[in-house]
Every structure is written in structure tokens, then in C-alpha cells.
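Using the hints, position chains B, G and H against chain E.
Number of protein chains: 4
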Amino acid sequence: MQKLEKFEIRTDLALEANEQVNKSDTKLKGIIVKEDHNKKLGVLVTRLTVTNKMGEKAINKPMGNYITIESQKLASGDEEYNNQISEIIAKNILELIKEHLTKKKLSILVVGLGNRDVTPDSLGPDVVDNIFIDRHYNEEGDIVLSGMVPGVMAQTGMETAEIIKGIVNEAKPDIVIAIDALAARNSSRLNTTVQLSDKGIHPGSGVGNHRTGITQETIGVPVIAIGVPTVIDAPTIVNDTMENLIKAFSTSKELQGLVKTLSDFTPTEKYNLIKEIISPEMADMYVTPKDVDATIKRIGYTLSDAINIAAGKK
Amino acid sequence: MQKLEKFEIRTDLALEANEQVNKSDTKLKGIIVKEDHNKKLGVLVTRLTVTNKMGEKAINKPMGNYITIESQKLASGDEEYNNQISEIIAKNILELIKEHLTKKKLSILVVGLGNRDVTPDSLGPDVVDNIFIDRHYNEEGDIVLSGMVPGVMAQTGMETAEIIKGIVNEAKPDIVIAIDALAARNSSRLNTTVQLSDKGIHPGSGVGNHRTGITQETIGVPVIAIGVPTVIDAPTIVNDTMENLIKAFSTSKELQGLVKTLSDFTPTEKYNLIKEIISPEMADMYVTPKDVDATIKRIGYTLSDAINIAAGKK
Amino acid sequence: MQKLEKFEIRTDLALEANEQVNKSDTKLKGIIVKEDHNKKLGVLVTRLTVTNKMGEKAINKPMGNYITIESQKLASGDEEYNNQISEIIAKNILELIKEHLTKKKLSILVVGLGNRDVTPDSLGPDVVDNIFIDRHYNEEGDIVLSGMVPGVMAQTGMETAEIIKGIVNEAKPDIVIAIDALAARNSSRLNTTVQLSDKGIHPGSGVGNHRTGITQETIGVPVIAIGVPTVIDAPTIVNDTMENLIKAFSTSKELQGLVKTLSDFTPTEKYNLIKEIISPEMADMYVTPKDVDATIKRIGYTLSDAINIAAGKK
Amino acid sequence: MQKLEKFEIRTDLALEANEQVNKSDTKLKGIIVKEDHNKKLGVLVTRLTVTNKMGEKAINKPMGNYITIESQKLASGDEEYNNQISEIIAKNILELIKEHLTKKKLSILVVGLGNRDVTPDSLGPDVVDNIFIDRHYNEEGDIVLSGMVPGVMAQTGMETAEIIKGIVNEAKPDIVIAIDALAARNSSRLNTTVQLSDKGIHPGSGVGNHRTGITQETIGVPVIAIGVPTVIDAPTIVNDTMENLIKAFSTSKELQGLVKTLSDFTPTEKYNLIKEIISPEMADMYVTPKDVDATIKRIGYTLSDAINIAAGKK
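Residue numbers (our numbering), protein chains in the order written: chain E, 2 to 315; chain B, 2 to 315; chain G, 2 to 315; chain H, 2 to 315.
Simulated from the structure, these hints should not be mistaken for laboratory data.
Any given hint might turn out to be false.
As the list makes no split between identical chains, a pair holds if one copy fits it or if it spans any two.
[Unchecked claim] With a cut-off of at most 30 Å between alpha-carbon atoms, the simulated DSSO-like pairs for lysine-lysine come out as follows:
#, residue 1, residue 2
1, 99, 271
2, 314, 173
3, 173, 92
4, 298, 92
5, 298, 30
6, 314, 74
7, 74, 106
8, 315, 92
9, 41, 106
10, 315, 30
11, 106, 54
12, 58, 315
Same shape as in the complex, but just chain E:
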């Protein structure tokens, strides 16, 4: 068995990375967290800022702002509820791009990452389909929107970052907003969490696993990333079940050994252990609920509405 790297924490959500770290190192510097709880809506907004290299190393995310919006009803609320969530997301998008809002006419390119033909990975394309695109005729607006669905490498034969960089070079938007479906590392986050970040999309993220990052460094303009976990990482489901098994067996004398052994592992170590023993072909699998079509439609609509609101289109 390969030696487990102590800090090799792999999750697309900064919040989750931070939770894992806190358990072993509570006096972490370089990470500021502010929570804002809207009890009426049942929404928790967490603003996490990575301020220095120490913070970067601790949670394995680059310096920048990470806003997490959590709601148990993200995929199941009624239309009015969704509208209120859209308003909250819109406000937070504006917060992340506020320094650019002074520009007379801000041109935003919305990129829908993922594979349109694989339901849980179609969130990004779905969002772009519902954006009020107006770059080609809007003469006056403060913000003009363009949109793009680059496809995935199996469809195009090209790196997604390559495609976006090329288009950015020609169309010269001021900012890119990239929407992506993520693989949750914790079942409870599935379809309940939206992460906004001003640091783009990093390699290995997303249901479709982008090989190259989509960041200001790779494409040339700032990238606001909007990610929602819509599938669960296969090892996660095994790990969660294992925990249940250990609890169930913890009174059995014969199994004390296993319980003791596994109790010594940190969550990360346990996850990595599972990842090693899971069948290799499972690495390319994900776990998805049966009603994923309805979920994606709902969340996609909430996100496109949020972007339309932020851009003053509705």
C-alpha cells in the first residue's frame, strides 16, 4: 500500500477542505471564514478567504475568495424559493466581480463546462441555454453577456482550456464565468451546495475531470467559477458505508481490531485507503440519483436566473 500523503486533500469545495483541516490543526492562519445564516430561508452563506501561502498550503486552494451557499432545498424548493436563492447567488456574484463593475461596459462570457449528453454533467450547458445573451446587439447595457458550451475532450479532441483561451483572445470578454458540475466528496453536499470563487476551475475538478485549469493564468482574463456537486465520487459512497459498518460492528468483540485500526485513520487517510482498494475501473465512475434530470433542470434554472439578475437582465 502506497504511503498516504498527510495533506493530500482533494475536494473541489474550499469549505470541505477547510473542515478536514480544522480537525488536526485548529490554529490555522491565512484563512478567514465568515458565516451568514438566513434562518428564514434555511440558507447558510460562508465566505472563506485564503489570504496567504500558509492558507494556500493548508487547504490546497490558491489565495482568493470562496463563497459557499448551502440550502437543503436547492433542488426541491418551489419557484418562489428558487427566485430568492437566485437573488442571493446574484448578490454574491456581484461581490466577486465588484472591482470590474466600474468599467463602462462590462463584457462577460458565460462558459458552460461539461458534457451536454450526460445528464449530471449537463448543468453548465443547461445554464448557458437560459442566459439572456445580448453581446451581439446590446448597445447600451452596463453588462453584456455572451455564452459558450465548449464540450468535453471526448467530443472535441481538444483541451477545454485551449478552446476557451482561443475564444477569449478573439471575443475579448472582461471576465469569464465558468459553470461546472462537481463530484461531491460528502453525500450531504449533493445538490445542496453552490460554490462561487474568483480563482477559476482547477485541474481534476468537475464530473468530467478537466485536465488543465481554467484560470486567469491559462485563459488570460479573471475566471469566476460556479460549481455545484451533482454526483458523488465513487469512493465517497464506499467510505460512508464503511463508517456505518464500523458503527454497527463497534460492539462486536471480534471486530474491535478493525474499529481500532480504522479509528486511527484521519478522514483523508480513510478516503485514500478506500480509493486504493476500490476496483480501478471505478475511478471513472460516479454515483448519481435516479431523478437527476429534474434536479439538473431546477438547479440550472436557478443559476441562469442568478446570472441574468446579476447582469441586470431581469
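Here is chains B, G and H on its own, set in the frame of chain E:
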């Protein structure tokens, strides 16, 4: 922990059910199995017939014929290979309907079960999209084809069996061929196995879990079922990983207890144990490969071709 | 040239049929028309009732209620405007089914007619995709909704009426609401008119030309038809151009003959003349705007919202 | 009425442009035409080369090669027939790119122009969906393929040429093959004609009317254009009907004037006359057959097969 029912074997594949049984009861009567190995193509065709009540009880499948066609390259072969597989499937479809072929004009209704909007569950609708439908104008053919995509209950609010029965009553086909995506209970069967049966689709089968069976009893005409596992049942992936874990730990003295305890379980008992401790929300989840769109397209084409060939349309 | 039948008026819109008739016969009995103009929204609601056989014969529509809702902004209004139109349509749906509303639990089957794969004909399927289906779990609601997309004959090999009748026999809804895309006989009606009727869909209607009617007589329960012209009939576009040509040429002495000849024709006679001389293959063609995808999406959403509102789902 | 420009011939097909010209100027220089008739298949291949400025001016097409493949059964043949057509198209694609075939590893980007959501305009996207993309993993092939569906301006807010140019700059293919659905100017060409050209796509071409050309000049690498008329231009249908009307009326004394007047017009003048008197909103309309979904699927498959064959993928 709920007491495990000895014979509660739940798999859509008769072959798999039979494998599990053989281990505990080798002198099984009422089940006849014939294998036909095409080494050149790497295809194994297994004809399993349940001939009496004892057989029915043993593998929990009604009396009838179950033909399993296995090929590792079902989803990855080239066009020529797929054509040969289509020919083999076509021949076996004809075998299952041979008693009806004496009819002057045989009317077959092809029903694509599953949800068109959820990629791994869209196999049935995909197949129907590529069938050469000719019931409405073919005056002469020996076999005429009609087709139907009934949708799933979340889309229609109706039982699929209700919809099919109604249409059968009006359109009066002689036979229904129902195509369905299945949830594999064994990862190695994923996208490698086609099961044909002359006994229809049973409750609880399929990615989308039909509540009522689609059988001659419920819809009024014989039902040939064609099923392909396109997703893996969530407990299966945990179970498989567990086996790997136990193997890895089997030399550890501390874990002898666990190994011993689990070794006493039959595969069915182990699967049911996992199913109990898996988080309840996982019951509605399935595991799917990332490139499921390409796989479904390929297998769907192979199956629609098989039906078109069997019906003399190409 | 075949003799033109005097009263062979062929349009799916009762309002249009009535307009054509009025010109030659102003004292028509058996037809009652009431207009209701909402100037603020720019919406004209016309309630036309055919009360006896004379009315039936005059406009070639069976006795019943025909409500036409006209708005120039049906496909181009903003979300708030669309919501208001949905409310108006909902109110009129309820008016047409008011006698059934006394039933304790009213079961409505919404049928999306047309071909999902041909954009202007996909209005019906689009509407059903956005209906809040709840027949399978709603225990309490006053109205429960089920939904169905039967497909077109080229896809199924079966008459649409056959399919619907079969499903109605099994699922036993109290009413069917059938949504269909129509071919306009007047370019100004394209995407601006919604017709509701309590007399179902008649043969030859719709973009896809249903061969059999979908009416209480053919399927067994009352049918509320909702139709929107989304394409233009090919002869219409020729006819309209011809009129322009005649106007342009009316001052030319040489062409006085043509002008005079054509002036003697009623609109119906002119249309039928065009229909005869148009190339035969054009009979299966329709004229559609280039941005038909956006139009269908918008109108589909407005209609599904209307049905959801009428059924108390939002 | 605006004065009609003598040479303003507007058709995407060089062959059609050439036909119109021949009538008035039979000794045209600068245009070489070679016909190759495969009687067994009923296929006519016409190779038209524009060799100098005189030719350019005559048919309003830039110097280059234009290959037209005509078959009445393009959309209605069986699978075997389609395969033979694919072989013919493949051979002609190779002819147009033969000077590039000496390159060790030729990288071709296949671009599917048009709107995926409007059936007759979805030919390009359909073709790309069925190309064997291998640029991302093929280490050895002589030809590697990448693919892209850029969308239309209403969806992206960007010029299609802008998007393609950007991607070409990054991914550096040697050649672009651009597939586009065209608007026929002659009903008989609908779904029966494939035009290949080594001079790219010109402004105003296509169902969706590209504003900027997609040519070596605009995107930086040679562009092979493959176009198929899948809709008919609205004025064309009026014009065709008009011709029939005139024939029908030519014996009427009263209409001699009209017949005489219109007989003096060249086909181009007549078309332009119609275009002027047609209702302005009709300019954005097209005429399409009802079974356009089946047609696009069939032709799309034939073209993708042709490209796969040309690139040695099957």
C-alpha cells in the same frame, strides 16, 4: 439487523441468479443451461430454461427462456464487430418468437422503457428512435413494426404497464418487445451483457425500477424483454470494495475477526448486509461511468439493428 | 381546374373561419362572438360559441366554445408579461372545464401532440415536459395531472388517437387537455394567437396533420384543445405575396385583366387556387421563422405555466 | 421598385449560379465544368473550377474548386446506398485536400455550423456528433480529427468566425472542414445535393445566415466547406408557384399581358421581384418538409461517415 431471507436473490439477470444459487445447491433441478461459445468473436451465448416450479423458486424467475449474450467488446467494438453482435442478437430474438412466426403478418410493438432525459436510462428510447417503423404503411411485410416510448412515472404520473396495456388494447400487436436499461449487480456485467427473455419485465427491474411488471399477464400479449446493465447498483460497488479490503487485510492479525465473520456470509448475505448499512438515500442512486453517452449510443445502435434485422428490415 | 367548393374553408382557428364567412354572409345565425380587450396588456380575448347546425355549417366547426387569446408579444414579452398571459389562459381553461370542477378530485391528462424532433412541431411535447405531474403521488389535490407525449405516426406506426384512447381507457382521466402546434393560414397569426376549445382536435389539424380527430367521440372523455400557430401553411405565403404583387401591379394597364380576374375571387377561392397550382411536394412543407427554437421555448413555458396555474400547482 | 442588378445572383451552389449565367452568356471563360455520371447509383458528380477573375465575376464565387454530388436518393436510400454515397463524398474530400496529404500527421478540425435546436439547421452539429474524434489520444494516425459545434450568434452573442478563428489559433489544425445546412434556391435541390468546396463558407450562406465568411482569410487555415440544402428559401416557393400560375393562365386572353411582362424577366429578375414584394418578415423564414428530422438524421450520418472514411477511421 433484520434477518436475511435465505432465497431473497435480487438480480435482473437469470444467469447471475443461477450463479449465486449453484454455490449452495449444486443438484438443482428445473433449470437447464446450454452454453455456446463463439471464440472468434469472444461471445458467450447462454440459454437458460426454467422448466418447473422448483427452478422458479431456486432462481426467483418465472418458467421461461433466458438467453444471455456476453461480449467484453459490446460497447467498444468497431462497426463490423457490432454488426456481427446484432446478427447474433437477431437470431436469438427470432428463436424466442419462433412459434409466432407462422402468423401471416406478425405485428410487433417495440417499447423503449426508461427515461430519455437520464443518459444511462435512455437505452430503450434510443433503440426505438432507430427502429424501422412501418406498421402504418407496410401492406406486405411478414413482420410490421410499431414503436413507443412510454416515459417514466415521474414524467407521466402513470404506471408504465398501464400505458402499454392501453396501447396494446387499441393497436393489437401480436407481441411486445420491451427494451430496458438494468442495474448490474456485478461490475463485470456493466455494458457487456444482453439478456433476452420471453417472460417480460418484472417489478423492481430496471434503472428506473418499474413498480408493476410488463408481462403477458399485465398487458395481454407475450413480452420479449431485452435488458442490458448500463449502471451499477450502489450497494454492489461497496460490496466489491469491501471484498478487496478484506483480502488486503486478511494477513493482519487484528482483522482476522472481521475476515472470519464476513467469510461466513454468503454473497447474498453480504450484499444484503451492505444494503442495510448503506445510507438510505443511496437506495435511489446508481453508479455510472463518465463516458456513458458514448456507450449508450453504441449499444442502442447494436440493439436497434438487431431488431431491424430480425424483422427483415435490413 | 377543379371547381372550388363554396364553403370549403380550411383553418384550425374558428376565429379565422368566422372572419372569412362574415364577408359574404353578415347575418349569420348560430354563432355568438364576444370580445374582451385588455388594452394595458394588448391582449384581445374572443369567445366564439357555435350554438347550432347552421353555425356549424357556416364556419365548418362543431358546436362548442372557441376562445382565442391574441397578443403581439406572446413570443417576445418579458417574464412578467408572460406570467400575465399565463394567468389569462389559465382563467379561460378553467372556464372551459368549469362544469367538471365540482368533481371531488379531477384527473386531467395533458397530451403533448406533435414531433419532439422537429422544432416548430415540438410545442406540445415541450409543454408536457414542464407540467407539474402529480397523479402518482397526490392524495389530496382537487386536480391531479398526468402527462403523455404520444409521438407522431412516422415514429410510432400508430394513429395518435389510437394511442391516446388506449391510455385513457386504462388511466381513466376525467378530461384530456391536448396541446398542438398549428399551421397558420394568415401570417399575422404566427406565434401571436392561442386557441382554446372544448371540442378537441380535428382531422387535418396541426403541423403534423392528424389523420383521426382527438375528440370525446374518438377517445371517450372531453378534450380541451390548446393550439398555437407556429408555422405558416406553404400556400399562405404564396397567397400573401400574390396579393402584394397585385397591389403593385394594379396601376399597370396591361395587368388590369389579372387584377380584375383575381379581385372576383373570395379569399378562400384565391387560397384554393394557389393550393392547386403550388407544386405537389409543397403540400408537405411549412414555412417557419429562423428563431423558432426561442419562440417555441417561450410559448411552451407560457402554456405549461397556464396549465400549472389552472390546476392549482403554482 | 429598386433597379435589379444584372449580375446579383445569390445562391450558395456554384452549380446553380453557373446554370443561371449560361442562359445569357454561353461563351463564358474562366469556368471549367466536368461531369461524371454514375448511372448505376444515379449519382452525378460535377467538378466546377473557377480559374480567373472573369469566372469569379460571372458566377459570383471566388476562384477555387466546387464539387457537386447529386442524388435523388440522398435522403431516402437504404443503408447500403448511403454507404456508397459516403464513399463517393470521401473520395472527393480527399481530392480537395490532396496537397495537404503529404503532411506526416494532418490535423483536421471538423466544425458543425448551425443551430442544434432548429431541426433543419442542425445538420452540422449532427455530423460532428458522429465523427471519430481522436486528436487527444491518437499518436500514430496519418489524419487526426477534432470537432467543434460553435453555435449560432443568437446563442453565443459572438460571430461564428470569431469563435472558430480563436480555436484555430490555439489548437492549430492544418485544415478546417465546415459543415453547413443551406437554403435551396431551387426546390429540386432540397436534400438531393451535396456541395464540397475548397473556398470556405461565405457571408449570407446557410440557413442561419453567417454574417462573416469562414474562409482561409478570416480564420487562418484552408477551409473545406460541405453544404447541403435542407430548407427552401421562402421567395423560391412563391416564384415556383408563380411560374405554375403563369403557365395555367397563359391561354387566357385577359392575362396575356402578365404572361408577356413576366416572360421578359430573367429567372434572377423574377426571383428578385418576388423577394421585393414578399412580406418583409418572410425574409427570415424558410420552407421545410414535415419529415425534416428523418432527413437530417440520414444525411448527417452519410456525411459523418464520409469524413470518417476520408480520415481513415473506418
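We went through each hint and held it up to the structure:
no., hint, verdict
1, 99 <-> 271, "neither (41 Å within a copy, 55 Å between copies)"
2, 314 <-> 173, "within (21 Å within a copy, 37 Å between copies)"
3, 173 <-> 92, "within (25 Å within a copy, 40 Å between copies)"
4, 298 <-> 92, "both (22 Å within a copy, 27 Å between copies)"
5, 298 <-> 30, "neither (40 Å within a copy, 51 Å between copies)"
6, 314 <-> 74, "both (25 Å within a copy, 18 Å between copies)"
7, 74 <-> 106, "between (35 Å within a copy, 29 Å between copies)"
8, 315 <-> 92, "both (14 Å within a copy, 26 Å between copies)"
9, 41 <-> 106, "neither (36 Å within a copy, 33 Å between copies)"
10, 315 <-> 30, "neither (41 Å within a copy, 49 Å between copies)"
11, 106 <-> 54, "neither (34 Å within a copy, 44 Å between copies)"
12, 58 <-> 315, "neither (41 Å within a copy, 49 Å between copies)"
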